[in-house]
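K.L.:
Here is how the chains run, residue by residue.
2 protein chains.
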Amino acid sequence: MTRQESQVLSYIQENMSLIEEELVQSFPSQWVIPVELKDAMLYSLMAGGKRLRPILAIAAAEAVGGHAKTALPAACAIEFIHTYSLIHDDLPAMDNDDFRRGKPTNHRVYGEAMAILAGDGLLTHAFHLLAEMAMRYDVPAERVLRMIRELSMYAGPRGMVGGQVADILGEQGITNIAELEYIHVHKTSDLIVCALRAGGHAANANEQQLDALEQFGYRIGLAFQIQDDILDLTGDESKLGKNTQSDVKAEKVTYPYFLGLEACETMVKDLTREAQKAILLAKLPHPERLLQLADYLMDRDH
Amino acid sequence: MTRQESQVLSYIQENMSLIEEELVQSFPSQWVIPVELKDAMLYSLMAGGKRLRPILAIAAAEAVGGHAKTALPAACAIEFIHTYSLIHDDLPAMDNDDFRRGKPTNHRVYGEAMAILAGDGLLTHAFHLLAEMAMRYDVPAERVLRMIRELSMYAGPRGMVGGQVADILGEQGITNIAELEYIHVHKTSDLIVCALRAGGHAANANEQQLDALEQFGYRIGLAFQIQDDILDLTGDESKLGKNTQSDVKAEKVTYPYFLGLEACETMVKDLTREAQKAILLAKLPHPERLLQLADYLMDRDH
Numbered sequence: 555m556t557r558q559e560s561q562v563l564s565y566i567q568e569n570m571s572l573i574e575e576e577l578v579q580s581f582p583s584q585w586v587i588p589v590e591l592k593d594a595m596l597y598s599l600m601a602g603g604k605r606l607r608p609i610l611a612i613a614a615a616e617a618v619g620g621h622a623k624t625a626l627p628a629a630c631a632i633e634f635i636h637t638y639s640l641i642h643d644d645l646p647a648m649d650n651d652d653f654r655r656g657k658p659t660n661h662r663v664y665g666e667a668m669a670i671l672a673g674d675g676l677l678t679h680a681f682h683l684l685a686e687m688a689m690r691y692d693v694p695a696e697r698v699l700r701m702i703r704e705l706s707m708y709a710g711p712r713g714m715v716g717g718q719v720a721d722i723l724g725e726q727g728i729t730n731i732a733e734l735e736y737i738h739v740h741k742t743s744d745l746i747v748c749a750l751r752a753g754g755h756a757a758n759a760n761e762q763q764l765d766a767l768e769q770f771g772y773r774i775g776l777a778f779q780i781q782d783d784i785l786d787l788t789g790d791e792s793k794l795g796k797n798t799q800s801d802v803k804a805e806k807v808t809y810p811y812f813l814g815l816e817a818c819e820t821m822v823k824d825l826t827r828e829a830q831k832a833i834l835l836a837k838l839p840h841p842e843r844l845l846q847l848a849d850y851l852m853d854r855d856h
Numbered sequence: 555m556t557r558q559e560s561q562v563l564s565y566i567q568e569n570m571s572l573i574e575e576e577l578v579q580s581f582p583s584q585w586v587i588p589v590e591l592k593d594a595m596l597y598s599l600m601a602g603g604k605r606l607r608p609i610l611a612i613a614a615a616e617a618v619g620g621h622a623k624t625a626l627p628a629a630c631a632i633e634f635i636h637t638y639s640l641i642h643d644d645l646p647a648m649d650n651d652d653f654r655r656g657k658p659t660n661h662r663v664y665g666e667a668m669a670i671l672a673g674d675g676l677l678t679h680a681f682h683l684l685a686e687m688a689m690r691y692d693v694p695a696e697r698v699l700r701m702i703r704e705l706s707m708y709a710g711p712r713g714m715v716g717g718q719v720a721d722i723l724g725e726q727g728i729t730n731i732a733e734l735e736y737i738h739v740h741k742t743s744d745l746i747v748c749a750l751r752a753g754g755h756a757a758n759a760n761e762q763q764l765d766a767l768e769q770f771g772y773r774i775g776l777a778f779q780i781q782d783d784i785l786d787l788t789g790d791e792s793k794l795g796k797n798t799q800s801d802v803k804a805e806k807v808t809y810p811y812f813l814g815l816e817a818c819e820t821m822v823k824d825l826t827r828e829a830q831k832a833i834l835l836a837k838l839p840h841p842e843r844l845l846q847l848a849d850y851l852m853d854r855d856h
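As they're listed, the protein sequences go chains A and B.
Counting from 1, position 13 in the first sequence corresponds to residue 567 in the working numbering; the numbering is continuous, with no gaps.
Counting from 1, position 259 in the second sequence corresponds to residue 813 in the working numbering; the numbering is continuous, with no gaps.
Hint data in this document are derived by calculation from the structure and do not stem from the laboratory.
Cβ atoms here follow ideal geometry from the backbone N, Cα and C, with glycine treated the same way.
Some hints could be false.
[To be verified] Covered stretches of chain A (in silico footprint by chain B; criterion: 3 or more residues with CB under 8 Å from a CB of chain B, positions within the stretch not fixed):
1. 581-589
2. 682-690
3. 719-728
4. 783-790
[To be verified] If you only want the chain B side, here are some residues facing chain A, beta carbon under 10 Å, derived:
5. Val586
6. Met595
7. Leu677
8. Leu683
9. Arg700
10. Met707
11. Leu794
12. Lys796
13. Gly814
Let the sequences and hints guide you as you build the complete structure.
P.N.:
Written out as structure tokens, the structure is:
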């Protein structure tokens with residue numbers, strides 16, 4: 555393992571702990587919430603995600619000179635949104651998945667009705683976490699409102715929900731790469747872009763810095779998705795923790811399907827370099843972690 | 555029809571038009587949203603609701619001396635939340651209803667997957683509508699943040715979603731009136747309280763006025779629910795637009811089940827008077843419409 559690799563791994567580990575401590579404390583202790591609902595929400599929140607989005611939010615805040623702590627509520631809000639989207643995606647009416655990350659999916663444990671409501675609860679509470687930021691930290695109300703405006707755009711009908719709809723409709727046949735890109739930009743990149751911008755906002759980033767974070771996020775989001783498609787074809791099942799070749803078996807249209815494996819590998823590298831270039835051009839005060847995280851995502855084998 | 559009745563009816567009609575014009579324009583025209591998703595969201599948004607919550611938000615803003623227009627985004631945000639909750643409640647995994655207000659439910663028209671996503675899209679976009687308020691109207695950012703904090707509380711795990719969970723769990727047997735009240739306070743009153751407070755916030759209400767609006771909302775919300783139970787027993791099917799005696803047939807525990815019909819009728823009257831008293835005690839500048847709306851709700855036969 556190179557020095558950079560070990561640095562980025564310990565950065566991820568440290569921030570995962572920070573994020574997970576914050577996630578379990580997300581509901582005010584004085585609130586009365588039905589126990590079954592809280593259990594169902596926490597089950598999926600704490601089901602061992604990679605915490606990619608919240609870590610990127612924190613790294614973005616640090617890149618523009620802010621503190622990890624200030625970005626934590628935004629980081630957690632985005633993880634709440636990501637988690638709700640996985641619970642709803644796994645439902646029988648959607649992808650009908652029984653397992654995620656080796657564990658039974660939410661509806662397999664708590665039933666469909668509770669899984670729908672746990673998703674609704676997480677989605678709603680994400681906005682509570684953001685709205686509380688202005689009180690808990692020294693983030694101006696106008697900034698927090700911008701974060702809420704962006705989260706509701708990137709996660710809503712124009713963003714992630716729209717991407718999910720296109721994905722479902724696309725199962726009846728995607729005929730070109732533009733359709734595939736629409737799905738991935740909105741299903742995956744939008745929330746990653748939102749995480750990076752939210753981290754930037756928390757640290758009082760200026761417009762040029764926000765724009766650089768967005769360019770970075772858009773490109774690593776797309777690279778991430780293409781890398782997922784590649785790993786599904788060539789990855790090691792034991793490292794991935796899931797069966798490979800699932801896309802081929804499900805006759806799913808992917809980037810390698812359209813472009814071939816080699817072109818896809820080049821695309822992942824190119825997108826990563828372009829992402830890093832956007833950050834370097836903006837001359838952020840502390841760009842190192844973002845640059846390292848981009849490399850880490852490109853080189854990952856799971 | 556008395557003069558007051560005709561006044562309140564024309565007030566409701568006027569504001570319904572205002573609200574419905576605003577609802578259809580809720581998505582920025584430059585946004586790309588999959589057509590099927592937009593159709594599914596608008597289908598339920600425009601399915602002929604009574605618009606009780608948004609009308610109360612507007613009446614609250616006017617009661618404290620503000621303009622209907624300023625309260626419109628908040629009114630619509632709350633109608634978005636109400637609409638998403640109906641779509642998800644009707645799903646096969648929840649109440650499994652095929653019809654609502656005489657029309658096929660969302661999932662019967664667009665399929666389950668789309669109905670789940672249409673609900674998610676409406677829920678997410680509600681916060682966008684609120685967050686845009688500070689830009690579109692002269693509402694201070696701090697006020698808008700309070701509205702977002704309250705909506706996410708009253709509609710989330712501690713509020714409406716919690717009430718819905720308790721309702722589902724309660725189907726296995728509610729044994730006392732406290733459990734029934736928990737369900738109705740959170741399933742129904744919370745969002746009504748939120749609508750009234752949001753209208754107040756939009757019109758820059760002070761804490762004492764907000765508190766009066768909350769007292770009012772809590773009581774008419776509960777009265778509304780008890781009245782619903784009464785109408786299900788004694789109402790006219792043609793006026794209600796649905797079958798009566800459905801609670802008895804479904805062996806559903808209701809207020810009349812615990813207390814008898816007569817005591818329930820008294821409760822509705824008492825709660826309405828107490829609600830009106832809270833408004834009168836606070837000496838709001840223009841309380842008339844709120845007082846009339848409370849009478850209207852108490853006397854309704856559908």
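K.L.:
Just pull the numbers of the violated hints for me, sorted ascending.
P.N.:
4, 11, 12, 13
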